[in-house]
Amino acid sequence: MNESPSPVNSTIPDTYFEFVLGYGLLWLILITALLYALLRIHRLTSDLKDLEAAQKNSPSTAATTPHP
Amino acid sequence: MLHILALLTGAAVIFGLYEVFLLLGIEASQGLVQKIFFVHVPAAFTMYVTLIMSAVAAAMYLIEKKVAYDHFSKAAMLSAFVFALCVMITGPVWAKPIWGTYWTWDPRLTTTLIVFLLICATLAVRHSFDRHPSRQAAGRKLGAILAIVAVLDIPLIHFSVKLWRGIHPTVIKSEGGLSPEFRSSLLWMSLSMIALGIVLTIVFFKIESLRDRLKIMTQKHLFEKGMR
Numbered sequence: 001m002n003e004s005p006s007p008v009n010s011t012i013p014d015t016y017f018e019f020v021l022g023y024g025l026l027w028l029i030l031i032t033a034l035l036y037a038l039l040r041i042h043r044l045t046s047d048l049k050d051l052e053a054a055q056k057n058s059p060s061t062a063a064t065t066p067h068p
Numbered sequence: 001m002l003h004i005l006a007l008l009t010g011a012a013v014i015f016g017l018y019e020v021f022l023l024l025g026i027e028a029s030q031g032l033v034q035k036i037f038f039v040h041v042p043a044a045f046t047m048y049v050t051l052i053m054s055a056v057a058a059a060m061y062l063i064e065k066k067v068a069y070d071h072f073s074k075a076a077m078l079s080a081f082v083f084a085l086c087v088m089i090t091g092p093v094w095a096k097p098i099w100g101t102y103w104t105w106d107p108r109l110t111t112t113l114i115v116f117l118l119i120c121a122t123l124a125v126r127h128s129f130d131r132h133p134s135r136q137a138a139g140r141k142l143g144a145i146l147a148i149v150a151v152l153d154i155p156l157i158h159f160s161v162k163l164w165r166g167i168h169p170t171v172i173k174s175e176g177g178l179s180p181e182f183r184s185s186l187l188w189m190s191l192s193m194i195a196l197g198i199v200l201t202i203v204f205f206k207i208e209s210l211r212d213r214l215k216i217m218t219q220k221h222l223f224e225k226g227m228r
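Residue numbers (our numbering), protein chains in the order written: chain X, 1 to 68; chain R, 1 to 228.
Listed next, the in silico EDC-like pairs over lysine to aspartate or glutamate satisfying Cα-Cα at most 16 Å (straight line):
| # | chain 1 | residue 1 | chain 2 | residue 2 |
| --- | --- | --- | --- | --- |
| 1 | R | 96 | X | 14 |
| 2 | R | 220 | X | 50 |
| 3 | R | 215 | R | 130 |
| 4 | R | 220 | X | 47 |
| 5 | R | 141 | R | 130 |
None of these hints come from the bench; they were simulated from the model.
Using the sequences and the hints, build the whole thing.
In structure tokens form, the structure reads like this:
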């Protein structure tokens with residue numbers, strides 16, 4: 001019967017699973033760290049804005065702020 | 001400025017990955033898993049760089065007592081943690097099909113584990129002391145000392161292969177070693193990963209500065225409220 005010859009690179013070990021696992025976990029860590037950092041900055045910035053707004057609206061600062 | 005640096009870094013990393021996946025061939029003896037080399041080694045270099053940055057800032061804090069140095073040291077230590085975690089995960093995943101085991105008490109692996117544990121200890125100490133305002137200064141001092149101790153482990157990691165003859169291969173050699181294509185890809189990925197580490201450190205530093213500002217403003221706000 002006609003059997004196709006084995007490809008030249010058949011000796012290369014099959015390590016596809018480890019390759020996907022390694023790269024997958026690495027990017028999972030890096031993307032999680034970046035997302036965590038960006039979300040934290042977003043939350044802190046909005047908290048700061050809220051606090052600044054609260055300080056502006058408080059009566060003690062309103063008394064010292066000149067009327068437009 | 002940070003946005004531009006982040007975009008450039010992202011582009012550099014994507015180009016590096018394109019080169020590794022599409023332009024470089026598959027290594028004959030290890031197969032696809034060998035491509036982990038192009039992120040495992042750069043992650044280790046980035047861990048070194050961020051640890052050095054953290055230790056330098058820690059030393060500056062101990063000398064000048066400026067809080068900004070302490071914030072930078074903590075930010076760089078957080079980046080070092082991220083990249084050390086990458087090293088600690090990609091290494092065993094790569095080792096399993098090549099060495100037949102996830103972990104062996106090889107000198108380089110052991111010294112890397114020690115530095116990873118030191119990074120975790122530094123962050124844990126800082127976190128626990130941060131909760132008590134009266135102990136914050138002590139926590140910063142202890143964090144700075146631990147950062148300097150952690151950086152002393154870097155030469156030990158680097159020269160452990162030569163000193164104790166482990167099974168972990170040496171990447172940087174004066175003669176032989178990698179082929180020119182592999183070498184240039186490794187260099188590109190290392191530089192892009194180090195840039196990513198620097199971007200991450202700047203972002204973490206920004207978080208620390210914002211946290212500090214928010215804390216001061218909250219105290220001021222509460223004080224003003226109490227006065228009324």
